[in-house]
Every structure is written in C-alpha cells, then in structure tokens.
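Sequence order for the protein chains is A and B. Residues in the first sequence are numbered from 1 upward in steps of one, following my numbering. Residues in the second sequence are numbered from 159 upward in steps of one, following my numbering.
Please keep in mind that the hints were generated in silico from the structure rather than gathered at the bench. It should be emphasised that the depicted structure is a prediction, and the values quoted were computed from it without experimental measurement. A portion of the hints provided could be inaccurate.
Derived SDA-like pairs (lysine to any residue); straight-line CA-CA distance at most 25 Å [as the list claims (entries may be wrong)]:
#1 K160/B with E7/A
#2 K186/B with P205/B
#3 K186/B with R149/A
#4 K160/B with N122/A
#5 K160/B with T142/A
Chain A is faced by these chain B residues, among others (derived, beta-carbon under 10 Å) [said to hold, decoys possible]:
#6 P169
#7 T170
#8 S171
#9 G190
#10 T303
Here a beta-carbon is modelled for each residue, glycine too, at the ideal position from N, C-alpha and C.
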Amino acid sequence: MSETLHELRLVVNGVTHDLRVPARRLLSDALRQDLGLTGTHVGCEHGVCGACTVLLDGRPVRACLLFAVSAVGCEVTTVEGLTNPDGSLGPVQQAFLECHGLQCGFCTPGFLTTITAGLRDNPAPTHEEAREMVAGNLCRCTGYQNIVRAVERAAELS
Amino acid sequence: MKPAPFSYLRPTSLAEAVQALSADPDAKVLAGGQSLVPLLSMRLAAPSTIVDINGLTGLSDIEVGDDGVRVGALVRHADLLAHDGVRRSQPLVPLALAHVAHATIRNRGTTVGSLVHADAAAEMPAVLALLGGSVEVVGSAGARTIDADDLVVGPLETSLAHDEIAVSAWFPALAPGAGVAFDEIARRQGDYALCGVAVLVEGDSVRASYVSVSDVPVVVDLSGVADDDLGDAAVAALDPADDIHATAAYRAQLVRVLTRRVVAAAREGADRR
Ligand SMILES: Cc1cc2nc3c(=O)[nH]c(=O)nc-3n(C[C@H](O)[C@H](O)[C@H](O)COP(=O)(O)OP(=O)(O)OC[C@H]3O[C@@H](n4cnc5c(N)ncnc54)[C@H](O)[C@@H]3O)c2cc1C
Ligand code: FES
Ligand code: FES
C-alpha cells in the first residue's frame, strides 16, 4: 500500500511553496528536505533542544513537533527570514556576531528565532528576563553567557 | 521520517471528529502535539489515524464567569497564562501554568490536552484535582461532564471513552478569603518537576496536591496539622518512589520542604484577599 500524499501550500518567509508530502512529514523535515531551507536545524527531534524553533504566525514553536500538514494557512518564519530586507544581518543576528554568541552554530537558528519573537514581546528585558527568554534552548558550546549578552545587545540594536 | 505512517484527518465539525474516532479503534486525537508528536517520533505510539482537532471552531474560548473559568480545548497554555480575567478568578491556574514547559512549548500545547494526557509529572491535572474542577467531553453517546476525581484512572490514562473528545475544562473560582500557591523544584525552569506542590487554604481547610510524586494526582488533606508537622504528614500520605530523576528519599525531602513553603505562601495569599 503506498502512502497517501497531501498537496499543501506553505508560506515560508513570505514565499508561497506547493508541496506533496505524507502526513507524517514533520515541518522541520519539510523545511529542510522539501524546501531546501537548511537553516532550521534538528537536534533532538522531540521538543527538548530548541534548535528547530521557527515562528508560526510570529510565535516561536518547535518545527519538530508540528506536521507540515498542520501548518497550512499559517505564516512560517525561519532563520533565513530574519535578515533585513536588504540582505544584511537582522538585529539579533548582528548581536550574536558582535557578542560571539555562537561557536559551532548548531543551536543558533533556534536562538535567533526565539529571541526575535521574545524581544518583540519584551523590547527591554532585564538580565533575568533575558536569561528566561533563552531557557528553552540548549547550547552545548558557549556556556550561554555570550548568548544572554547577545539578547541584551540585540535589545539595544532593535 | 520518524513517525510511522498514519491517515490524517482534519475535521471541521465536532460530529465529524467523533465519527472519525468511532470509525477507527486505533485513532488518536491531535491537539497541540507537544506530548503526542514526541511519542509518535519515538514510535512509542503508532496510531493508524490522526484526528487533528485544530480545524474545529468554537473550542478556542476562555470564558471567565463569577464562579470560575471555562477553557476551550484549543486554548494554548500561553494564552491562558496571559489572561488577566483568569488570574483574577483563579490565580492558581497561571501560578502553575508558568511552570508548564518553556514558553515555546506553551505557545502550541493546550491546557485541556495536558489534562487528558494525564501525566503524573504535569502541573495542570494536579491543579484541576485540587480545585475540584471538571472536563466536558463529547462522544458518540453524547456529552457528559467528568469530575476531576474521576478523570485520571492511571498513569497517562483517563476515563474518557475512545471516541470522546474533551471540549473544555472548568476551573472553579477562588472563594473570597481563600488562598492558593504553587511551587516546584525542577532541574531548570520549564523542565518537568522533580516535585511540585499546589495548595488551597480555605478557612480551616488546608489541602495540597502533588506533581511528579505519585502515579495519579493525589490531594492530601492537611487541615489541622501543626506547621512543624506538615511535611511529615504529607510524606506519610504520599510515600514517594524512586525513579531515574530522583531517589525516594530526595523526593520525600522535597515534599517536606515544599509543602511547608507552599502552605505558608497560600496562607499569606489568603490574608491579603
Ligand atoms: C520539551 C517539553 C517539555 C514539557 N514540559 C512540560 C511540563 O513541565 N509540564 C507539563 O505539564 N507539560 C509539559 N510538556 C507537555 C505539554 O504541556 C503539552 O502541551 C501537553 O502535555 C499536551 O497538550 P497538547 O495540546 O500538546 O496535546 P497533544 O500532544 O496533542 O495530545 C496529548 C494526548 O492527549 C490527547 N488529547 C489531546 N487533546 C485532546 C482532546 N481535546 N480530547 C481528547 N484527547 C485529547 C491526545 O490524543 C494525546 O493522547 C512538555 C512538552 C515538551 C515537548
Ligand atoms: S529538534 Fe526540535 S526541539 Fe530539538
Ligand atoms: S554554538 Fe554549538 S551548540 Fe550552541
């Protein structure tokens, strides 16, 4: 028995894509494999690490805990969509660069999307709030100090 | 792809959704997916049909009345947590929700889904049990209300029939002069608790409900217990067990410390009202 494929239309970073995927295709895999948007990383694939975090209608969600079929009708924003319109780095990306907020970069896309939405809701976080903003994302390299600094720097730049 | 293949249905009416569940004894409801999708990806569950209820209308409302709060099945933890009316009516709901996972998970996970997932490590089933709330379900046999006491029958197991969909949950309002508090110990803010405690103080009545300490929510009556004996009384009633996260002795210590602390906070809350 061949598996049923679903025709779906996804809007990612403002661009409309039509794809044919089985219902079990996770949004994270659809982005990476079907759309070639490999900026979204997958680590644990069960919601714990945060590397796959994307914005769904502006709110951070785990792309590994969402089926692509369930994202129909929503606006998806990935790390590729965080640059300024002229292609230069967006404020959160710029802050990561300035503060050395990454080493291997595996976790970075999830931090960038999470912090982008976090600063929109709370543009001037306290140090404690900046820590809390990234508490749901894991990084195995940096020790988090420079990531928290980057949150604070991004708040200045935004 | 990690999950096993399944047929995917996204009904637009409750009747259709119930029908889809009745038609396949192996079907599962998908709400926020924050508990179900990990189980599918790890292949701990492999339902033949997924009934995605996110297309149903009328299940996204938060209604605050004089006597309590009704929460629709598609209300996300994050929206319930941010709701001012809920905070005023039953402050224990946001106090506990702040400890449910991380903000990103709360953006998608539903509070009703968490109640019917019935995880002993989840905060909201303990809160519903303590407050004496209920869950409204609809199935092929019609609609009924399940009291919190009758909801959870075992770890990850509820009294819902296979074709019943939870449509809303009911959290009674906090009575004037009563107080509530919540606290938990977790490795990091947002992780599942090693031990969590919710307390409701009403006049002379002192009751506590526990997270991650027993297989199903247990409410312990601590009325009339002297302050110094609260922790031991709770441990005696609960008898916490070992697991990979903590030893029984450590968990008992957390019960002792948190029970005293949270009862004191709930009393303070009552005095301020
Ligand atoms: C990294 C991580 C950390 C987490 N930490 C916590 C935590 O600390 N505390 C906590 O409480 N939770 C935690 N969660 C779980 C989270 O709260 C879930 O949102 C919640 O348990 C389930 O809600 P859901 O809407 O996602 O349900 P789903 O995952 O969609 O469903 C869960 C189960 O309930 C059933 N179900 C859901 N809705 C209905 C309905 N309306 N009618 C009938 N059946 C239904 C499904 O069939 C399934 O069996 C965590 C999750 C993750 C991924
Ligand atoms: S890959 Fe999604 S949270 Fe780890
Ligand atoms: S920079 Fe390597 S995991 Fe974060």
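(request) Just pull the numbers of the violated hints for me, sorted ascending. (result) Hint check: 3, 4, 5, 6, 7, 8, 10 fail, others pass.
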